[in-house]
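Undergrad: Chain residues, written in single-letter form:
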Amino acid sequence: MKLWDRYFTPGSIDEAMSLLQSYDGAARVIAGGTDLLVDLRAIMTAAPAVGHPPHAALIDITRIPDLMRMDDEGDFITIGAGVTHTQIVKSAVLRAIAACLVESCGVVGGPQVRNVATLGGNVAHALPAGDGTTSLVALAAQADIMQNGVRRWVDIREMFIGTGKSLINSTRDLLIGFRFAKPGAGEGTSFSRIMRPQGVALPILGCSVWLKLDDARERVTAARICIAPVAPVPMRAEAVEAALIGQPINAASIDDAIQAAHATIRPRTSKYRATADYRDEMIEVLLKRTLITAADRAKDPTQRREDAKAQ
Amino acid sequence: MSHLNITVNGKAYALDVDDSRTLAYFLRLDLGLTGTKLGCEEAECGICTVLVDGVPVDSCTYPVLKAQGRAVTTIEGLAQGKQLHPLQRNFIAHGAVQCGFCTPGLIMTSAALLEENADPSVDDIKGALKDTFCRCTGYTSVIKAIQSAAREKRGLPAAIVDDPHVEEPMGVISRSVPPIDVIEKVIGSAKYTDDYTFANMLHARTLRSPYPHAKILAIRTEKAQAFTGVRAVLTYKDVPGDNKHGLVHRDWDVLCGDVVRYVGDAVAIVAADTEDIAAAALALIEVDYEPLGVVADPIYAHTPEAPVLHPNHPTGNLLKHIKVRHGDTEQGFATADVIVEHEYRTPTTEHAFLEPECAIGIPKGYEGHDKLTIYVGSQIPYQDRNQIALSMNMTETDVRVIGTLIGGGFGGKEDIAGQIHVAMLATVTDQPVKMLYSRQESLIFHPKRHATIIRIKTGATRDGRLTAVEATLYGDGGAYASLSDKVMTRATTHATGPYDVPNAKIDCYAMYTNNVPSGAFRGFGVTQSAFAVEQNMDMIAEKLGIDALEMRRINAQKVGVTTATGQLLRESVGLLDTIDDVRADMNVVANGHGFRWAWREGSKAFAWGVACAYKNTGLGGGAPDKSEAEVEAFEDGTLEVRTAAADMGQGIAHVVAQCAAEEMRLPYERVRVLLCDTDLTPNGGPTTASRQTFMTGNAARLASVALRDAITTSAAEMMDIDPEAIRYEEGLLRSEDRRIEVELGQVVAWMKQNGLSARAKHEYHAPKTQPLGSGGDMHFAFSYATQAALIEVDTETGEVHVLKVVSSTDIGRAINPLMLQGQIEGGIVMALGNCLTESFIMEEGQVWSRLLSRYKMPGIKQAPEIISRLVEHRSSDGPYGAKGVGEIPSINTTPAICNAIYNAVGVRVFTIPVDQDSLLLAMKRGETELHRAWHDIK
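Going line by line, the protein sequences match chains A and B. First residue of the first sequence: 0, per numbering that gives the first Met the number 0; consecutive thereafter. First residue of the second sequence: 0, per numbering that gives the first Met the number 0; consecutive thereafter.
To be clear, the hints were calculated from the coordinates, so they are not data collected in a lab. Heads up, none of these hints are tricks.
Straight-line C-alpha distance at most 25 Å; calculated BS3-like pairs for lysine-lysine: (1) A:K181 - A:K298; (2) B:K603 - A:K287; (3) B:K125 - A:K89.
Label-pair distances were calculated between CB atoms; the ranges are: (4) B:G9 - A:A275: 53 to 63 Å; (5) B:S602 - A:R216: 19 to 29 Å; (6) A:I42 - B:D579: 49 to 59 Å.
Computed from a predicted structure; not experimentally measured. Ideal placement from N, C-alpha and C gives every residue a C-beta, glycine not left out.
Excised from the complex, chain A in its bound form (with noise of 0.2 Å):
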């Protein structure tokens, strides 16, 4: 069944812009595919009676070497939207320093996917509960987009206005990349999920810490933390960062902050997904298990290497 008509390939990012100009939104980009080719497969079987015309093109953004590098500039590392999934694990330098992308990254989907599917797909997709985008948002990263002829960076979480709605039109706009401060001594991160074996690809809960522990390594002096899905849009678990700070990570501080999530953090029921009931429990044991990681790998440096390579 033909989902598209003109298929391009440009090299550059104005040769992308003026390709999807010219189409004047009938054009859409295309990165991995991954999630575009069987989103747009459904449509088009869910009611073969309506008959839906095919894309008039596709613009494969993963030819164009700004989108393709993933770069240690010191102070930040910027990863291309077009970088796959598998280079991110593959990379040594983010699993030293922030295990928990790897980690999200490393769940999605099995390796033939992943060898295609980008970072930037899972964040044009806009999913509230993409397992790279709950780490992206827990790293404060910025993403990098040319939207109205202007290119701009903006906080990962404004890329989100609704479920599976983003800010970028992805027939109009095109997203570069990400940047994020580059974790340093005393930092650690981790992410965890948890998934039904049944037949929903998303996960019940994810959730992805990044702590920061005094010179002492001991107590928390700040914290990002994302647990999605419990809204529309992916958000900060602030809450539940406040309730930490200045504390060290132990039994008594992880219920404080399980108890500000109960008190701040409303999961609902979704269909076929899970009950609310059962996210309020799954964000205890996920706040449990990143939190005790991303703390050991904050004060123990070789340790969080260890464990970025047993991924």
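Fit chain B to the known structure of chain A by using the hints.
TA: Just chain B now, kept in the frame of chain A:
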């Protein structure tokens, strides 16, 4: 069109391609490399995996222009000339190839793994193959094959093949010879229906109903007919003969004209120059509907207010009321010391064979085809022919059905799919017509496993003896009868479990609803009733303080027992041995610790659970059951066995070849098999009811005996010795004193010169059976099994993992031990899916599970370690003592897992698939019963 430079299997191509091509279609259609198979086109099943610059990708969702300038390796590029890749060799050696449809994907994914990791652990393999599915093998043999291939690549000897122990192996029988066509399957040259193309072939599509129940007011096809490239648009008016088909009741419309009864119902069919034109034309067909009330569940279907689906059916929505009456249950329960009664629910489930349905029609007179010919991967070619002929208003002999290889069936390829439609379209257009269903269409269209509601009451005395069973079953038959009558009969007759139950009263109501029809599915109803029976057994055992296996031992059927249908079991009842095997193996697995049913480690709860099963071999119930096979010897000393018995991966091809080789004392390699061509092969009957080894195995064996007798007579004349003095040895015929010998081929040549035929046919008739209710032998053989599952429950999340399954199965005799073990392992993993992952969800008749991503079959990560043993209580009528094995392994895994869950965390599972959400909440709340499944979360 765009220009593409690409290297495929080392060969550089520069050519113009359609921009919209995926890599899979480019390989299959533009390059003719059909070894790459399409299973879902959703990046879900992984069987289309190829390597792009050495990296595995799903070629179904990979636009070919992404591969611009890159090097692609497909299954066809793996072998070096005739030298197979170590993976290809080891997949064959370890029995990791059954239907073969997923094999290219498994091998290519593994090939990438071995390039990266020379010595992969089981976990490494499970990680790499996480999303590459196989529905046949259960993955155990796949893991062994990959590890063995890795050893070979490292220069070590291949791993020893885990060939199960069998009693009294013969020359070829009970030997693990490689299956037929296995090399073609590992190198990508094996042809399934969609791999065939013909000159001037058209592509067909089906317009299906958007409503689960509606009156058709008008159908207008003019616009579609006028669309450029459309060659035919047909509706009910164009069906030349009977517009109804059906294997038991002819109630299923070829094309609906007055009423649609489910969302898969066909209203019109289109043949066009391309698939895209055919798809576009569907949108131009206008149908006016008047929606009718929807019957969405079998209990509502039985109420007076429910709309009636088939007004001509004498009992309305009640397709059939099936009864078992045995002894006096009132008195049985009066003598019981303990009684348990519970209600269980099982969902509709999907076969998910990896090859979606495909049929090709070739008109009479087309090159090489002297009659209307249908190519199809069908489980019942002769009944296809019969149904096509009736709807085409032709005589059966004017139709030829040619069976291609089948990419899995499991019962889901018994009913008519596109066979009649392509016959009509090919006849009208006078061109070949291919009708290939997408995965999504396959999900909506074909009959499923029945959803059931089972209320069952079991009584026993203090010493553990069962005194009575009373049960009521409701089966959701869906919109058409398909095999519901037979399937639900099996659910009913097996609802006592494989036990000696003196009093039984069982009522089953098979109901019409507006859901997708239900039909045959491995286990044939018994999978559902065993879920209920075997958990009631555990509950009684617990109340009485009797060990769960001992409880089953006390009540086990044995020779001399009379079943609830009045059948005296006279032989081949190996249940007790399977119980003892499993007990022994559970103890071995528990090594060092002493056996424990349940224990905890941190937040993980571990436990064993057990269950037993039995399953009839053959149609039974008074149905005449026969099979024909023909064998022919040739001057080159080879033999051909011909029969229309479908091989969907289970291996009837090698079974008949082994029977023929055994009787002719020929090396197995000299036997060819031709299956499923209604012009060239006699009728082997349906591939259903675990019947083929018994039935067609016997037919092939007895045809071979007849041929051997004929050849012996000729050889005696030729050699001028007494026929009694002739001995067959490895293709030679020798005199007893070894002074004279001739080759088989020489005898055949002599026979031909003398006007004799070196060919024999046998029509095997199964021992007579009796209909249900008349007492006597309802079936001519039963297979038995016991399984134990070791599971782990994460008490923090409710997640359930099956770690090990210990199994013992009485199959009479293992004709091919390794391939038979593959049936058992595959059946267990399929049943694990039934228990933990699978539910085909419909909402008021609309299909929610319309994508494979919404229907998860077990992947390699869920595959447990399987330890299986064989018990061989010979069946005196079976070939060399064999009984059926196809279904028995898929019956008791589900209750074994559920019994283990109860033993681990004290929660009894009354509905499947087991939901971690409700299991955890039940544990947290101190509840002991689980009545909510995944599909109930709304």
